[in-house]
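K.L.:
The chain contents come next:
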Amino acid sequence: MKRFLLVCCVLAFCLDQLYAQKTPTVSGLIISQKTTQPLAGVTIAIKDGKAKAVSDSTGRFSIPVNSLINDVLIFSYVGFESQEIKINKRSFINIVLAEKARALDEVIVVGYGRQKKINLTGAVDNVTLSDVDDRVLTNASQILQGKVPGLTIVQNSGQPGQDAAQIRIRGVSSIENNNDPLVIIDGVQGELTDVNPNDIESMSILKDAAAASIYGNRAAAGVIIITTKTGASTFGVNYIGTVSMQQPTALPKSVNAATYARLYNEAAKSSGSTIGFTDEQIAKYDQGTDPEYMGTNWYDKYVTNAFMHNHYLGLKGGEPNKYRYSLSGGYLDQDGILVGTGSRKVNYLANVTGFLYNRKLQLNAVLSGYDANDRELFDPTPSVLQQVGNNRPVAYFKSSEGLYSYPARYLGAKELGAGITRGRNNFKYQLGVQVQPLKWITLNVNYANNTYNSDYLRYVPNYSTAAGIQDGEGTKQQSEINIQTQKSTLKTFNSTLQLQKSWKQHNFSLLGGFEAIEYTINSTNVSGSKLSSNQPVLAYADPSTIVVKPATIAERASLSVFSRFNYNYDEKYLFEANLRRDGSSRFLKGNQWGNFPSFSAGWVISKEKFMEGNRIFNLLKLRGSWGRLGNEGIQTFYAASDVLASGNNYSFGGIVVPGTATALLANRNTTWETTEQTNIGLDAGIMNRWNITANYFYKKTYDVLARVTVPLSLGTSANNPYQNIGTVENKGVELGIQYNNDPKHAFTYTVNVNLTWLKNRVVDLGKLEYIFHNDLITGYAPPSGIIRSAVGQPFGSYYGLIAEGIYQLSDFTWQNNSDPNIPYYDRQFVLNSKLPDPSGVMSKPVPGDIKFKDRDGNGMITDDDKTFIGKSQPAYVYSLGFNARYKNFELNLLAQGVLEADSYLMGAMVSPFWNLSGNLSKDMANSRWTPENPSSKYQRLYIDRNRNNIISSYYIQNAAYLRVKNLMLGYSLPPKMLAPYKIKTLKVFATVENLLTFSGFDNGFDPEKSFNRITSDFYPQVRTYAFGINVGL
Amino acid sequence: MQRHIIIIGFIISTGLISCSKFLDRKPIDFVSPDNFSTENDITLALNGNYKALMIDRLQPICLDFMTDNGFVEYAPNGEIDFWIQAQNPNSLCTKRKWDRNYAGILRANTILKYIDGVPMDAAKKKRYTGEAFFLRAYFYTDLLEFYGDVPYRKEPEGLDKKDAPRVDKKIILEDMLRDLDSAAAWMPKTPTETGRATKGAALAIKARVLLNNRRWQEAADATKAVMDLNVYDLFNNYGTLFMPENEYNKEIIFDLPYIKNQNDNGLSSPWYTFFYSWSSYMGLANLEREYYMTNGKPIADPTSGYAPQNPFVNRDPRLGFNFTLPYTMNGYATNGSVKNYIPDQSKGVNVSSLRIRKYVDYRDNNINNNSEVNVNIMRFADVLLMRAEALAELPDWQSYKTEIIGLVNRVRQRATVMMPKVENVEGTNLTQEQLRNIIRHERRVEFAFEGTRIDDIKRWDIGATAYTDALGYRPEKLKTAQATAVYELYAFKQRSFNTNKGYLWPIPLSEMQSNTAIPQNNPGY
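So the protein lines, in turn, are chains X and P.
Converting from the first sequence to this note's numbering requires adding 73 to each position, the first position being numbered 1.
Converting from the second sequence to this note's numbering requires adding 720 to each position, the first position being numbered 1.
Quick caveat, the hints were computed from the structure, so don't treat them as lab data.
In this text, a Cβ means the ideal position worked out from N, Cα and C, and glycines have one as well.
Treat the hints with care, as some may be off.
To be verified - Stretch-level coverage of chain X by chain P, calculated; a stretch enters the list once three of its residues show a Cβ under 8 Å from a Cβ in chain P:
hint, stretch
1, 213–223
2, 341–353
3, 363–371
4, 549–562
5, 855–865
6, 984–995
Okay, chain X solo, but in the shape it has when bound (with noise of 0.2 Å):
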């Protein structure tokens, strides 16, 4: 309210000096660096003089001076560093004004509420948002990445509309559940998705109990709170569109049809086989003209550089004391890498807030939502992209009469119209009050319902593949056509009063608050297959093969009152609580309700008496905190009960009965897991240049909730029900270092330095040893068993054999004691006796073959020689951004990476014919072990099932890199150019996403990828060239 009666007071003295103006004047506009919008309510003052000016809704100002040569201007603003320019003859003058870095008075936006950081007793972490509009981010959990420390994130994903990045703050506390942190846009529950990053004004990240335990039993993984963009008391316009080419940043060589042949045929002798190629056949691959013959680059065929454009417009305004509006739209056309695959999204937000009585009542709406479309293939792209690297490329891609092939079918029916679109729409209201009767009182009540819809479209036509190269006909495929509508609401009561009160130098502050939530889902899934026509309708299908599947229809419901209790003296000493009590209706009565407290106490040593007159720190502050929380946050809403799913239809008589069958077992006992954790933290500035962010913490969570397999003898198949039967820790150290230079320069830049190491363990898991995460593990049929937690070891290990090199020709002997004259694939290999027999994992070891360890030593290589061969979690992640500005001209750099970190890797173009049949790579086929080139660290190509799914340490890759996320340069357009043209402020600029990646890993694929991704089917990242444009009117 202040701010708005000096604006007032500022544009009077404004209008003031305008009517007086005889003396000579300068005039200017001045920009936010932050922003580059400009600048309301500046004050300009000449040094040593009694004018004074203030800047307008439009960032200009005028000022009558006294001498054009020898006056010097200041210009100063809440917030900005203050700037001393000598006017130099100029007449029109622009300044850019820097935000100051991490200014004291800084407000940050915390539970409930918001805080001076200065007061902070908790972690939390205000993201800079400064380079977001630079950025070509389709997901606004994008900008997290190498932003701040003590979060590990992995973008796991280039598809369109798929691509959220996964956020794990302090690491992972829970074995199968709910790691991802809790997101609260403009205070009630969301998604990242929800918002355009464009939007965001705020971010704050909290990460200890003391910051997060205000929100009880979701808050065990971190809050994220976002708020964003209100309105303003000027009318401003912004525009910023891109336009990109994106292409995969990693993307596996194949081998040509002709080398795949002869290699082929290498792995059938060496595999007691003699399906093969002729020799003829492969003269036919290497002539490439007979059409049967020419062969085919499926990568080629299905992978793409791909076009991206995205536009966001955004305006706001407003009146002081009586309303302030914004409103925004942004729109986002990308298409995939992949042929098919693509997204389109419109977001939108409306925010309005009026004033009344003098503002001590507020009201404000806030309208938002997104309507967003993707495309795919019509099989899951998991799928699509197993058999692009499955696809043989001996195959042809069409038959001579034009027809797709089997392995090109996605490509054929596509031109017929097949494909899976998904309609992703979200729509929250949400209406508030803010009474503020007494300066001191605040009451806040919020309603907001946030619905979510998608409607998932699978359309197969009627079409046909050729059988072979001559084949016109083809065989028809089955039309299908599959409709899943889902609908989810979450409807959010809270109500929070706010005291606070200040006696002399002692400063209190009580909330209270209350919270009701409500969540229902609600799905349908119908398929039909058989279409009269090829559209997608579902009236058209056969009507006896319309099928209503099995489908979710349910509700969960929380309660919880929490309080928070701030004191501080000469905000010098600092000590907060809080504490929420939360009921779920997940648990039954008894394990329904608990409690989240949580403490913490800062000081601000810089403060002292004995500090004054020291030039080195502008601050020294200590923080410690303990707390708990919760984690309710498991994927079944009823624990509890057996469920009986529909679905296991039967036929009698000849037609279809319905059927229901015990699909999984319940847990009376399931409760939510429980967090505590501590934290010490320090917050230094230094000189005005450096300011240094430390933290330690130790994260213990117990009652972890895990789908512990239970035996298939129970007779539920593969869904095992959730127990409490665990104890992770989690211990790291988080430094965030930032350090920019005199911003009086011409040339300023701001360096940011983050470090995070992380140590993850399983302390206990009840009576287990371990647990599988064969539920976690995502891709095309791997073997079960490959991650596990155990206890003692690290959340999700790697496990399996260790690989010990290679089988040389030395190991084994043959017939007629080893005669040299036997060709080399009629010997018939003898293992050397005194090797470890492998026979238990692998039947009829040969040359070439991968040696595994003994562990146990007795001889025999079988499962209990099994160990852990790599963690999945890496122990340090590391970032680097530097800004810099000259002139007009910007910077940006960002840069991230982790250290020690594994990962597995199996699957087509990994591991040789994969499945059989699977291609080949270059790179496997140039370092193959062959007798004539015996490798000691390649396995030779051999086809059998078996050895593709041996699980070993062969297969573990370390996954360390260094990437060049963002890289920007920007321009922006002297403003004096662009006045004619009522533009305030104009900058083009050029932005790369991913441009480099420093790395060890196979080059075929991306290592960032999330641990339980561990076959090779998985969307590549992009590469995404864009070029840019940001006006403000």
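Based on these hints, arrange chain P on the given structure of chain X.
P.N.:
This is chain P only, laid out in the frame that chain X set:
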């Protein structure tokens, strides 16, 4: 004004707190078994129990592709692991069988536990109980046959009973035989609806279990009981025995009732796709060469008249009904004309030049996973040959000689088969060993690709001679012009019987890992 707002706010807040039912949420989209209250709940659960038979639609046919009858390499189901004798606790097939059977057992146990608490018609209750007993016994005896001793769960068990030790096969077997008797007593001779189990099904399955356990006399008695029902007889046409138009003919005792257009319900058969469209499942020459000449002589007999370069003429008609042989009919083109099978050109993974015809309805017309051909579990011919085998193994087998020969002849002389009678080729003065071989030969050629061969190999303990290299005819030598075709027999995949593993399958890895009461897998694993 402001006071009002504060008051309203707090009224809303406290109002919600007092609403304690807010947190009381019950499942909406499903019921729990302990809430069963109506007959319909039991009916649906019984339907779901039958469904367990189709959880794995590859059963039981896939079992032939682990033996010397068939071969499949390029299929994600992993039969090849078993074929090359490299099966291990992680093999998919072992998990699928275990999974299916225990799912069926839980479903049956659920019905048997809760049916008494539900008000329903007494006769119906009896029949339902009989069907649940039948299904439970079917699933348990399948487990015993493949895994030996297994965890024995007699009622639905939860987390607290997850660790269940292996129980002596004999104990479970006795219980199941008793249950099959109860089932036979409570189920009708003819089903109320096609697809349901009957008295005859219970007795015939009992006979199979007894036979597999070499309880010859009891097996013979059980087969007699089936024959005495006077419900079943052989169906005249061997070639169309399983075709949809002959569904539920008098030979069929129990089968899986597949219907058209119900792939999404898991109720259409996938075998048309595997045998015809993909042709990934191939027949082996190892089996093909077992079919006699029409004169009743084996092809190895120099006097049989077998011509190696025209190998399929004058052979037992069942050869052509089970296999799609080179240059014979192989479906229809779009214009309705008949297509012939030319191995060199054939689509799919054609290694042996012998495709499979049984269970293929060419009228499915290139539409995959949509077949309504039922998959056989038990038919009357099996009852006849089981009886022949059981009698032949009795100490006083000689006194049954005429009956045994008659049983075999009955199968041989089906109208469309009409192979010579035993007495006309093999003679009458037969030793027990000769008789045994005649019965075994007859089983093999009669039940090709019906999934029974794996039990036979085990019962006869012929692993060493059955689990040998895969034989086929080189497809590239069988070109378009039939006149130039060269039948070159070749071994395309090597294997030998793994005596360490024997006939028992490994208990699946996940069971071993999660059920701490099972310390030891079967020998060899």
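K.L.:
Now, for every hint given, state plainly whether the structure supports it.
P.N.:
Here is what the structure says about each hint:
{"no.": "1", "hint": "213–223", "result": "violated (count 0)"}
{"no.": "2", "hint": "341–353", "result": "holds (count 5)"}
{"no.": "3", "hint": "363–371", "result": "violated (count 0)"}
{"no.": "4", "hint": "549–562", "result": "holds (count 3)"}
{"no.": "5", "hint": "855–865", "result": "holds (count 3)"}
{"no.": "6", "hint": "984–995", "result": "holds (count 3)"}
Hints 1, 3 from the earlier list are contradicted by this structure; the remaining hints agree with it.
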